[in-house]
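Participant: One-letter residues, chain by chain:
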Amino acid sequence: MDPILTKHVREPNSFTLDFYLQHNGYEALKKALTLKPDQIIEMVKASGLRGRGGAGFPTGMKWQFVDKKIEPRYIACNADESEPGTFKDHLLMERNPHLLIEGCAVGCYAIGARVAYIYIRGEFFHVQRILERAIDEAYAKGLLGKNILGSGFDCDVYVHRGAGAYEAGEETALLESLEGKRAQPRNKPPFPAIVGLYGKPTAVNNVETLCNVPLIVSRGPEWYVGLGPEKNGGPKLYCVSGHVRRPGVFEASMNITLRELIEGHAGGVRDGRTLKAVIPGGSSVPILLPDQLDTQASFDAVQKAGSLLGSAAIIVLDDTTCMVWLAENLLHFYRHESCGKCTPCREGTDWLHKILRKIERGEGQMRDLDLLSNISANIAGKTLCAFGDAAVTPVVTTLKHFRHEYEAHIKEGRCTLSADWRARQPVGAH
Amino acid sequence: MSFHPKMAYDATFHRSARRREDEGPPFAYTAENRARFDEIVKRYPPDRRRSAVLPALYLVQHQHGYITANGIRHVAELLGITRADVEDVVSYYSMFYTKPVGKFVLNVCRTLSCAVNGAERVTEALSTKLGIKPGETDPTGTFTLMEVECLGACDRAPIVMVNDAWHECVKPVDAARLVDDLRARGEVVLSGCQHVVERRR
Ligand SMILES: Cc1cc2nc3c(=O)[nH]c(=O)nc-3n(C[C@H](O)[C@H](O)[C@H](O)COP(=O)(O)O)c2cc1C
Ligand code: SF4
Ligand code: FES
Chain A
1 MDPILTKHVR
11 EPNSFTLDFY
21 LQHNGYEALK
31 KALTLKPDQI
41 IEMVKASGLR
51 GRGGAGFPTG
61 MKWQFVDKKI
71 EPRYIACNAD
81 ESEPGTFKDH
91 LLMERNPHLL
101 IEGCAVGCYA
111 IGARVAYIYI
121 RGEFFHVQRI
131 LERAIDEAYA
141 KGLLGKNILG
151 SGFDCDVYVH
161 RGAGAYEAGE
171 ETALLESLEG
181 KRAQPRNKPP
191 FPAIVGLYGK
201 PTAVNNVETL
211 CNVPLIVSRG
221 PEWYVGLGPE
231 KNGGPKLYCV
241 SGHVRRPGVF
251 EASMNITLRE
261 LIEGHAGGVR
271 DGRTLKAVIP
281 GGSSVPILLP
291 DQLDTQASFD
301 AVQKAGSLLG
311 SAAIIVLDDT
321 TCMVWLAENL
331 LHFYRHESCG
341 KCTPCREGTD
351 WLHKILRKIE
361 RGEGQMRDLD
371 LLSNISANIA
381 GKTLCAFGDA
391 AVTPVVTTLK
401 HFRHEYEAHI
411 KEGRCTLSAD
421 WRARQPVGAH
Chain B
1001 MSFHPKMAYD
1011 ATFHRSARRR
1021 EDEGPPFAYT
1031 AENRARFDEI
1041 VKRYPPDRRR
1051 SAVLPALYLV
1061 QHQHGYITAN
1071 GIRHVAELLG
1081 ITRADVEDVV
1091 SYYSMFYTKP
1101 VGKFVLNVCR
1111 TLSCAVNGAE
1121 RVTEALSTKL
1131 GIKPGETDPT
1141 GTFTLMEVEC
1151 LGACDRAPIV
1161 MVNDAWHECV
1171 KPVDAARLVD
1181 DLRARGEVVL
1191 SGCQHVVERR
1201 R
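If you read the sequences in order, they're chains A and B.
Each residue of the first sequence is one higher than the last, beginning at 1 in this note's numbering.
Each residue of the second sequence is one higher than the last, beginning at 1001 in this note's numbering.
A few of these clues could be false.
Here are the simulated PhoX-like pairs of lysine-lysine, each with C-alpha atoms no more than 20 Å apart in a straight line [unchecked claim]:
1. A/Lys69 to A/Lys200
2. A/Lys146 to A/Lys36
3. B/Lys1129 to B/Lys1103
4. B/Lys1042 to A/Lys146
5. B/Lys1042 to A/Lys200
6. B/Lys1042 to A/Lys181
7. A/Lys200 to A/Lys181
8. A/Lys31 to A/Lys45
9. A/Lys7 to A/Lys36
Hint data in this document are derived by calculation from the structure and do not stem from the laboratory.
This is chain A alone, in the form it adopts within the complex:
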């Protein structure tokens, strides 16, 4: 499949309005404004578009759930992109910001919202500048603001920059953060579609999700469905990083397999090494082993293989990677990012990290392994948001597939891999 979302990203002016207009930009918005809002929701439903933020929930259904009796309504675009290994939204916003703005405007029209907030993570200062410039351009051309293109529809799009919190990516935590509070999730239900931003109905959508909407409106749902396997239509962005020759963002239909992505697009594992494990959907999902590489990289197929497609962040690890160290590295992340609202997650991630560090240093005992499983079992499923399940996944999955490495650390009192396993030299591909 030829790239669609990222077709022009390498061209120097791809982020300007002039360039975007020359390439059929804002045609979808023009078309949308001639349709009824319900028709757009029906189109999105027919396209089967599934949320690209991690959960893969059908976007059309989400929009339908938005309570149309209450005013005002909002769109909150989730551009927090903090899942380790994910960098696709970053690319879209940086190189194709008008596609996102158009998606926001069409989305607002569909659910009857007048304001969309794009919540970007604190570290994306340069992205904020690009987006704000693009938004200004759109206002100047009458593509945003009052009475867009003479249709009587008003829509404002604002950028709201966070300040360094992974948890702000969780949809209700994002809304709290937008309201000027700590990014800590709310109880669900009620879901944001009913009680969201400022207590009003809100659709929270990922950047890539909203970028797909203009395509569906302009080219029709049938075309979109035809691009991929059943229930997994449309173009998909994959982020491949780790021990590969050519890390990067690759656009493909979900017919593609993990092998084609890793060995074809990303150039395979770096020289002289063999593949050890693949994390197919960001740090929060279970590991897949080399013999599972022929799995189709679609939401359903990856789930069937025992993992999740998540944010399509494929992290590739070669035979130099110590799996105890990997779990320790990721638990450091989760311990740091836990929002602290529920006890199992706040305390448990710290305990897990402490024990992993002890084992990694070679000071572990065999009973620590049971302790790890025990603590994990007491976090998963017992927390307010999905962070808890995500946080224990690296521990559970490495213990499941690489228990012998843990045991070797404990028996030998050190890591048994060769001394340079911590990648003294980076992959020389850049």
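The hints should help you fit chain B with the ligands onto chain A, whose structure is shown.
Facilitator: Chain B with the ligands only, in chain A's frame:
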């Protein structure tokens, strides 16, 4: 199985571990920042001014270098919320500094994709060069070294974020030179953000 971590059940235990913010000099936005603030507040419904707390705090940090108790007071007054509300936010988000930092804050990404590409060595090299540990500022007040979590550009690993700008594909051997370059020529030496898709295909 029970697990009892060792805890300091002494007189200090129930006190907040967090040091209070510096009082700092009296604080008010400059005219320029005030104008910017007034413009930002308009993005939110009139009865929801609190939403502007993050941008308002960024302005304080930009103006003063870090966030003081007086800065917090100023933001609280402008937004019509309590100081505790603002402090709550400041203490939660990791990008707000409550003590002085160096002119250049070097944030090295330490998460998986960067780590397998040598981020630990980058931190080590910077640490040796500057003679400080992560989390510290060098005696001249020019550099602060920090370790941060995934910055969302793992294909360009390892990444170092210097203040608001990015420096990508930092090889451990080049890390020490970055310090000299920054000192001599400032932020222009940074690579910026250079995502490339479908590279060489
Ligand atoms: C801990 C946690 C972190 C999340 N981080 C992100 C994120 O950074 N970006 C994102 O788009 N979705 C993230 N999500 C998923 C959102 O909660 C939500 O499902 C998504 O924004 C919905 O948009 P979509 O339907 O378009 O995928 C996160 C979820 C959890 C539980
Ligand atoms: S699971 Fe963790 S991140 Fe989620 S609400 Fe509870 S403490 Fe916060
Ligand atoms: S791991 Fe460093 S940017 Fe993602």
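Participant: Now tell me if each hint is right for this structure.
Facilitator: Verification of the supplied hints:
1. A/Lys69 to A/Lys200: holds, 10 Å
2. A/Lys146 to A/Lys36: Given pair A/Lys146, A/Lys36 holds - Cα atoms ~19 Å apart, limit 20 Å.
3. B/Lys1129 to B/Lys1103: holds, 17 Å
4. B/Lys1042 to A/Lys146: Holds, at roughly 15 Å.
5. B/Lys1042 to A/Lys200: OK: B/Lys1042 and A/Lys200 at ~19 Å, within 20 Å.
6. B/Lys1042 to A/Lys181: With a Cα-Cα distance of about 18 Å, the restraint between B/Lys1042 and A/Lys181 holds, given a limit of 20 Å.
7. A/Lys200 to A/Lys181: holds, 17 Å
8. A/Lys31 to A/Lys45: Roughly 17 Å separates the two Cα atoms, so the pair holds.
9. A/Lys7 to A/Lys36: violated, 30 Å
Hint violations for this structure: number 9 only, all remaining hints satisfied.
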